[in-house]
Amino acid sequence: MILKIFLFFFFTIFSFANSLVIDKNQDLHLMKDFLIYEDKNNLSDIKSILEDKTVFGKVKKNNIGIKKYPIWTYNKIKNTTNKIENLIFSNPRSGIDFINVYITHNNKVLDEITLGDMVSQNETRFIYRKSDFALELLPNKEYEIFIRYKSYGPIDLNWEIYNKNSYVSYISKESLIFGFIAGFVVLISSYIIFIDRLLPSMSHKLYFVVMIGSLSMQFSITGILYQIGVPIYLNTILSWSFGNFAAACIGFFPIYFFDLKKLMPKTTLLLYILSFILLFFAILFLFYPLNYDLLYLSTIANSIFLVVSFILGYVSINLYLKKIDGAIFYLFANTSFTIAAIYFSLGILGLVKADSLFYFSLGIGSIFNILFIGMLIVRRLLRIKKEKDDALVLINEYSKLSNIGQSMVNISHQWKEPINHIYYAVNNIIAAKEFKDPNLENIIDSSIDQIKDTAKYMTNTAKDFLSIYQDKTIIKNIEITKSIELIIDILKKDISQMNVKIEINSNYNNFILADKYLVSNVLMIVLENSIKTFRNRNIKKPRIGINITNSEKIVTIKIADNAGGVKEYPIDSIFKKDLTNSNSTGLGLFLAKNILTMKLYGDISVQNLKEGACFTIVLKDV
Amino acid sequence: MINNLKELNVLYIDDDKVACKHMETTLSYFFKEVFIEHNGLNALNTYQKESVHLLLVDYDMPIMNGLSFLQEIRKLNNTIPAVIISSYNDKEKLLKAIKLNLVAYLVKPLEFSDLKDVLEECALWMDKHGLLKVNISKDCVYDYSTKTIRTKDVHVALTSYEYKIFEFLLTNKNKVVTFEEIFYILDNDDTNKKSLTSLVYKINKKLSSPIIKNIKDVGYTIVRIK
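Chains as they are written, first to last, in our numbering: chain A, 1 to 622; chain B, 623 to 848.
Among the hints, erroneous ones may be present.
Stated by the list, open to error - A short, non-exhaustive set of chain B residues, derived as facing chain A with CB atoms under 7 Å:
hint, residue
1, Ala641
2, His644
3, Pro731
4, Phe734
5, Thr773
What the hints assert, rightly or not - Away from chain A, derived, C-beta distances all over 10 Å, residues of chain B:
hint, residue
6, Val674
7, Asn723
8, Val798
9, Lys838
Stated by the list, open to error - Below are the EDC-like pairs computed for lysine to aspartate or glutamate, each with C-alpha atoms no more than 16 Å apart in a straight line:
hint, chain 1, residue 1, chain 2, residue 2
10, B, Lys643, A, Asp449
11, B, Lys643, A, Asp515
12, A, Lys416, B, Asp712
13, B, Lys639, B, Asp682
14, A, Lys493, B, Asp638
15, B, Lys738, B, Asp712
16, B, Lys815, B, Glu784
17, B, Lys738, A, Glu485
18, A, Lys416, B, Glu655
19, A, Lys416, B, Asp637
20, A, Lys532, B, Asp682
21, B, Lys628, B, Asp749
22, A, Lys76, A, Glu142
23, A, Lys482, A, Asp453
24, A, Lys416, B, Glu733
25, A, Lys416, B, Asp638
26, A, Lys493, B, Asp682
27, B, Lys643, A, Asp445
If you are wondering where the hints come from, they were derived from the structure by calculation, not from laboratory data.
Yeah, the Cβ is synthetic: ideal placement off N, Cα and C, and Gly gets one too.
Can you build the whole structure from these sequences, using the hints too?
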């Protein structure tokens, strides 16, 4: 701010003439008061200029935008002090492509300096990001300075004049700022790469491109890349191509992040088209050495980007009004960036003063944009985490419910036969009564005995089942072989009916410290799955092989069947919730996986062997 | 109508032995004889050996299930009344069973009244398909339930060998029955071709017109019945 007031002060003092008087040792002057000549036919050189200075006219504005022809300026500088003044002239618009400075005295050229973004470093004297030159002013001597500008980007006629000391401190402050920006962007970029590895998403990738693209564009525009000696071609495309590439990605970002197609289909289409045009320009500018005039098309690209900024502003307001989660961050991001982009575009088009605010506008806008979008992504991540936590709770509830449901299914399945038996016995009594059987008494007695036995059997099976599906945690040392035998006993009706041969192969002491009921539950699910598959596929000689191995604190149970194997692809999808075929209760294997991974510190996997599927269950000591 | 079953035999097939024990008693009130089998394959054997008039079949059984069993039966006999009993009200099973021309599809648990209704339906079915009585000629009827041949004024009962042969020929009335097949159903080592000839002769004599025809060196067939 102080700097601006300072600049303004100088601007007002020296606005009346094209002569700058250096009368005392000051930190900063502004060379603003000059005459201008637009060389529309590109015919003049310094000789013809010196011969006829009347071509120069008054300056209307300092930021003259993009011009296809060279611009000449003319002004005088006078040292009225008694000592030699060493001054450094610095044009803050670093992107000007060719600058020729002629220092003359009495119509004689004392010095000629070549500067500019497209001039290789060997030809310039200062290796600095901006177009700078040094001038030694002898006491009480007046110099004339003629400067020729030619650029594909906007031209700015301002020159800041520093004395040597203040110049050095200015440069070091500046590098600090750029270093900070670079570090910030690199940090966020690596963060976003990390996030994208965990949660792959198109919007993360776009965000990454936006950051890297706008960073490289910033660094190119501000001349940092030029200063560190990046080849001219690369430096040019980094600002022209990468900038537009980033701009396109800024347009694409909300489409993917907010799934904009559903919310605003027409706007999405428009954004798509405009962003693709920007992408086209980005690619086009890669080929600028074929025809330098291609670079003049950037005016169109900039206008399009300005439109994109407006649309994004509209989109973010719309999203905010629709109360989309995180839209407020996107609104902030876009507002800050749109303001910056508008300011920058106006600057490029030569409509506003190209002051330091202009040079940093895109950078500042980008930083805010990146910052807010970063917050948006973090917010989305936090929401995903919350959803996951909620889902975990839901799974727990779900598994409880499903356990109840599963036990109901199993109990009713187990009870089918005994219920039939009771009916048969009752039928028998009714028939004997109806046909007046002389043996009625005996028939009733034997039927009652049988009904009693059956009822007892039913009570026991229900108890067995409920013990497995109990909703309490009892962690104790359990022997896997025993657990499996219990399950086989519970399922014995199915096993014997289908004539399933089960073979268990195990070490003697396969003990593990775990929740007894959960382990039984998982084993039950896997064995039932095999039996169901036998039935569904009508397997002739069904076999199940169970192999238990244990090392210290880990038990591995392999359950293999000959039911033909898992037909789903990918094979692991059988552990997913949505895989339900008509003959299963649906949640079985999904539940097994969840119980194992979330509650038992274990895991389950499946592979296809020659004859069928092989489930591998790994259990660890709790 | 259900009383007509009293002279007939039923074959009940179920792998559940407790169910079989009860059903044997229950069915014995309705039928003359109750045959029990625990799987389709053995049942097929029994069906061929014994004189079976009605089939009650459980769907789910080891070795050969109810469906396959009835598919085999339908190849041999398209009219014998058959009932499937299943524990599941399963659409797919029901659809498969449709082709089998069943009297009923019963779902477990089985209620006595349902069983009775189905047996009544079976009797009606048998009557409809002429399985209780067969018109042999204009004024001659064979009654399955009493194993008698009735003409206008005479009732002649057939002996057990006679009716076994006669019913077998009736069931296969459109084809030639070989000697071996007849020996097999009689399940009697004593029977030879000679005694068979005399048995057939006796049946023909009991009928008003001789409708059993000898096909030389092959077997017997029944002359087309009107």
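Against the structure, the hints come out as follows:
{"no.": "1", "hint": "Ala641", "verdict": "holds, 5 Å"}
{"no.": "2", "hint": "His644", "verdict": "holds, 4 Å"}
{"no.": "3", "hint": "Pro731", "verdict": "holds, 4 Å"}
{"no.": "4", "hint": "Phe734", "verdict": "holds, 4 Å"}
{"no.": "5", "hint": "Thr773", "verdict": "violated, 34 Å"}
{"no.": "6", "hint": "Val674", "verdict": "holds, 21 Å"}
{"no.": "7", "hint": "Asn723", "verdict": "holds, 24 Å"}
{"no.": "8", "hint": "Val798", "verdict": "holds, 37 Å"}
{"no.": "9", "hint": "Lys838", "verdict": "holds, 46 Å"}
{"no.": "10", "hint": "B:Lys643 - A:Asp449", "verdict": "holds, 14 Å"}
{"no.": "11", "hint": "B:Lys643 - A:Asp515", "verdict": "violated, 44 Å"}
{"no.": "12", "hint": "A:Lys416 - B:Asp712", "verdict": "holds, 15 Å"}
{"no.": "13", "hint": "B:Lys639 - B:Asp682", "verdict": "holds, 13 Å"}
{"no.": "14", "hint": "A:Lys493 - B:Asp638", "verdict": "holds, 11 Å"}
{"no.": "15", "hint": "B:Lys738 - B:Asp712", "verdict": "violated, 23 Å"}
{"no.": "16", "hint": "B:Lys815 - B:Glu784", "verdict": "holds, 14 Å"}
{"no.": "17", "hint": "B:Lys738 - A:Glu485", "verdict": "violated, 43 Å"}
{"no.": "18", "hint": "A:Lys416 - B:Glu655", "verdict": "violated, 29 Å"}
{"no.": "19", "hint": "A:Lys416 - B:Asp637", "verdict": "holds, 14 Å"}
{"no.": "20", "hint": "A:Lys532 - B:Asp682", "verdict": "holds, 15 Å"}
{"no.": "21", "hint": "B:Lys628 - B:Asp749", "verdict": "holds, 14 Å"}
{"no.": "22", "hint": "A:Lys76 - A:Glu142", "verdict": "holds, 7 Å"}
{"no.": "23", "hint": "A:Lys482 - A:Asp453", "verdict": "violated, 26 Å"}
{"no.": "24", "hint": "A:Lys416 - B:Glu733", "verdict": "holds, 14 Å"}
{"no.": "25", "hint": "A:Lys416 - B:Asp638", "verdict": "holds, 12 Å"}
{"no.": "26", "hint": "A:Lys493 - B:Asp682", "verdict": "holds, 13 Å"}
{"no.": "27", "hint": "B:Lys643 - A:Asp445", "verdict": "holds, 15 Å"}
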